[in-house]
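Each protein sequence line maps, in turn, to chains X and W. Throughout, our numbering is defined as the position within the first sequence, counted from one, plus 2. Throughout, our numbering is defined as the position within the second sequence, counted from one, plus 2.
Fair warning: there could be bad hints in the mix.
No copy labels: a pair is met if it fits in one copy or bridges any two.
Stated by the list, open to error - Below, in silico cross-link-like pairs of lysine-lysine (DSSO-like), each with a Cα-Cα straight-line distance of 30 Å or less: (1) K118 - K176; (2) K129 - K188; (3) K86 - K188; (4) K53 - K118; (5) K53 - K20.
The hints are simulated quantities; they were obtained by calculation from the structure and are not laboratory data. Being a predicted model, the structure only gives us computed values, none of them experimental.
Protein chains: 2
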Amino acid sequence: MRKKEGDKQAAIIEAAIKVFAQLGFHGAKIYHIADNAGIATGTVYLYFSSKESILENIFESAWKQLFKSMETIINNTSLGSIEKFDFIINAVFDYFNSNPPLAMVFVNEQHRLVQKDNQQFTGFYNKTIGLIERYLREGILDKAFDSSIDPVIYSNFIFGGLRYLLLQWAHDQKSYPLDMIRKCVKNLVLSGIVGKNLTNSVAFNDVAF
Amino acid sequence: MRKKEGDKQAAIIEAAIKVFAQLGFHGAKIYHIADNAGIATGTVYLYFSSKESILENIFESAWKQLFKSMETIINNTSLGSIEKFDFIINAVFDYFNSNPPLAMVFVNEQHRLVQKDNQQFTGFYNKTIGLIERYLREGILDKAFDSSIDPVIYSNFIFGGLRYLLLQWAHDQKSYPLDMIRKCVKNLVLSGIVGKNLTNSVAFNDVAF
DNA sequence: TTATTTTATGAATGATGATTCATTTATCAT
DNA sequence: ATGATAAATGAATCATCATTCATAAAATAA
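Start from the sequences, fold in the hints, and give me the full structure.
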């Protein structure tokens, strides 16, 4: 029998991320992806059942990773609420750091999966948003966060702000240096989340920005 | 000569907003839009040169309106920085309030225009983001906002957070009541933007949430 | 009424591009 | 080597619409 030459599945994913980022899902043609991966058009279909399924695969692994690292941070009982936020932001940016096109696809193409009500995607998405909500609720119980915040609305705002900043960074890394973004997000969100009475507490100043 | 029966241009726009919101730009077929507007397929092309141009028209008028109302607020010298923020948030939500599908299109389809580098769109978008940046800078000069904030990054985060919350609201208005969203956004952003030393100042508490 | 012009129609056109499949190529076991 | 099987190819297929256009309908003016 003939052996597979190299990891074509990985090559297709990598190529698709680039092409989806540049041209958008519909602008991206299968032959663009195949060209980019250095294979023939038909070969794509030996590894994926459809163009759609390539996108699904990309989102699935992104969410799996993001969810896992967030879960680890949030379940770590030795970290305080504010430290956890710090770590979460770092985890998100670290994940996309070496792959700006992935960030573009992640932000720009999500609505397609929402529209198709893709279960794989919806599952991870809901779990992750739920995790952030739980984190906010626990922070309130711990008196780290203001008791008046609404975990559902706050988590969506933060998630949305992060997404958008990630996209801007992916478009132009020079104008939006990652370290600056991290610092700003932490500052903006924390100073809003942290109860005003705790603004100058030791816990707050302990975190190194 | 024959007279036009009713405002078909407006009917097309209205129908397109609904269909784009539900199916996305590519899922939306011209005959869907025509059906929804109560006209024949070909008639669409008497009013718009292409499907793309319908989307452009929608974005152009949305940005024109949003820009105008923000400009009025920000240039109003009788308002303080914090009052202005209050008004800006209200203006955005008031604009989309009666039209959830418009909010969905506005959030979900923006990247298409960015990708095509649509000049009409880019012009208004840049002007509006620039306006928000100027507003933040002036707030810093007025000592209303913390001097350490980065106007470019902060304005993008806020814009992104707003967009995302708007989308959630459009999907499910019951779970995300508009008044709750307004209140939360104002709280989160202001408590982050306002210099810590001013947290309990009169100006801050004067604003009715 | 009838000619003229504008508006509207929806079936036909034509381009596009995802997917398929008949064919070829490489590898291995015998 | 030779047959058998897995991998890979890329031209052909086929369905899907955006757009066009020949035709009809409505309104007005003469």
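Each hint tested on the structure:
1. K118 - K176: between (35 Å within a copy, 22 Å between copies)
2. K129 - K188: both (23 Å within a copy, 27 Å between copies)
3. K86 - K188: both (11 Å within a copy, 24 Å between copies)
4. K53 - K118: both (14 Å within a copy, 22 Å between copies)
5. K53 - K20: both (14 Å within a copy, 26 Å between copies)
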